[in-house]
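Go ahead and model the full structure; you've got the sequences and the hints to work with.
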Amino acid sequence: MPVDAVAAAGAAGLYSGATTRTPSQSMDSEVFMNLLVTQLQNQDPSSPMDTNQMIAQTTQLAMMEKITEMATASQESFSLQMRSSAAALVGQTVTYTMGDGTETTGIASSVSFKDAVPQVTIGGKSIALDAVSGVTTAASSS
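Everything in the sequence shown is counted per our numbering, starting at 58 for the first residue and increasing by one.
A portion of the hints provided could be inaccurate.
[Stated by the list, open to error] Straight-line distance between alpha carbons at most 20 angstroms, and here's what the computed SDA-like set of lysine to any residue pairs gives:
| no. | residue 1 | residue 2 |
| --- | --- | --- |
| 1 | Lys-171 | Ser-142 |
| 2 | Lys-182 | Phe-170 |
| 3 | Lys-171 | Leu-137 |
| 4 | Lys-171 | Gln-138 |
| 5 | Lys-182 | Ser-167 |
| 6 | Lys-182 | Gly-156 |
| 7 | Lys-123 | Met-90 |
| 8 | Lys-171 | Phe-135 |
| 9 | Lys-182 | Ser-166 |
| 10 | Lys-182 | Gln-149 |
| 11 | Lys-171 | Leu-186 |
| 12 | Lys-171 | Gln-132 |
| 13 | Lys-123 | Leu-93 |
| 14 | Lys-123 | Glu-133 |
| 15 | Lys-182 | Asp-172 |
| 16 | Lys-182 | Thr-161 |
| 17 | Lys-182 | Gly-148 |
| 18 | Lys-171 | Glu-133 |
| 19 | Lys-182 | Ser-169 |
| 20 | Lys-123 | Val-88 |
| 21 | Lys-182 | Ser-142 |
| 22 | Lys-182 | Thr-159 |
| 23 | Lys-171 | Val-189 |
| 24 | Lys-182 | Thr-193 |
| 25 | Lys-182 | Asp-157 |
| 26 | Lys-123 | Glu-87 |
| 27 | Lys-171 | Ser-141 |
| 28 | Lys-182 | Glu-160 |
| 29 | Lys-171 | Asp-187 |
| 30 | Lys-182 | Thr-154 |
| 31 | Lys-171 | Ala-185 |
| 32 | Lys-123 | Ser-134 |
| 33 | Lys-171 | Ser-134 |
| 34 | Lys-171 | Ala-188 |
Hints are computed from structural coordinates only; laboratory data are not their basis.
This is the structure in structure tokens:
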């Protein structure tokens, strides 16, 4: 039974401070490159990797990087579009849907960009841009 004592001491003592690695949920270029390098390091010298295969994998890496860049640019463009749309609401009569489903109308007085979705201040209340359901020009008092 000395094995049980060693196993208990090892579990509680030597390895208790080990760090845990959080798994990555997405494949990025670093993961792809590591796989390619590992594949090259572990290939059989008598039958090396086909050059066409290596070119195809390198091309896939380049395509993945470009697609990632396009996705990032698309997200930035969408964010800028939301900000521009929210800023254009200032001074306009805005209709928005409350949490209980009722629609309320008021004049947008300011916009905040501190959150991912811009917040429009309407009648002293901060309303998310995606809750806005309609916009009309504010009536001028002349």
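Hints, one by one, checked against the model:
no., hint, verdict
1, Lys-171 <-> Ser-142, "holds (15 angstroms)"
2, Lys-182 <-> Phe-170, "holds (15 angstroms)"
3, Lys-171 <-> Leu-137, "holds (13 angstroms)"
4, Lys-171 <-> Gln-138, "holds (15 angstroms)"
5, Lys-182 <-> Ser-167, "holds (10 angstroms)"
6, Lys-182 <-> Gly-156, "holds (13 angstroms)"
7, Lys-123 <-> Met-90, "holds (15 angstroms)"
8, Lys-171 <-> Phe-135, "holds (16 angstroms)"
9, Lys-182 <-> Ser-166, "holds (10 angstroms)"
10, Lys-182 <-> Gln-149, "holds (15 angstroms)"
11, Lys-171 <-> Leu-186, "holds (13 angstroms)"
12, Lys-171 <-> Gln-132, "holds (17 angstroms)"
13, Lys-123 <-> Leu-93, "holds (18 angstroms)"
14, Lys-123 <-> Glu-133, "holds (15 angstroms)"
15, Lys-182 <-> Asp-172, "holds (15 angstroms)"
16, Lys-182 <-> Thr-161, "holds (11 angstroms)"
17, Lys-182 <-> Gly-148, "holds (15 angstroms)"
18, Lys-171 <-> Glu-133, "holds (15 angstroms)"
19, Lys-182 <-> Ser-169, "holds (12 angstroms)"
20, Lys-123 <-> Val-88, "holds (15 angstroms)"
21, Lys-182 <-> Ser-142, "holds (18 angstroms)"
22, Lys-182 <-> Thr-159, "holds (15 angstroms)"
23, Lys-171 <-> Val-189, "holds (18 angstroms)"
24, Lys-182 <-> Thr-193, "holds (18 angstroms)"
25, Lys-182 <-> Asp-157, "holds (15 angstroms)"
26, Lys-123 <-> Glu-87, "holds (14 angstroms)"
27, Lys-171 <-> Ser-141, "holds (14 angstroms)"
28, Lys-182 <-> Glu-160, "holds (14 angstroms)"
29, Lys-171 <-> Asp-187, "holds (15 angstroms)"
30, Lys-182 <-> Thr-154, "holds (12 angstroms)"
31, Lys-171 <-> Ala-185, "holds (11 angstroms)"
32, Lys-123 <-> Ser-134, "holds (16 angstroms)"
33, Lys-171 <-> Ser-134, "holds (17 angstroms)"
34, Lys-171 <-> Ala-188, "holds (17 angstroms)"
No hint from the list above goes unmet by this structure.
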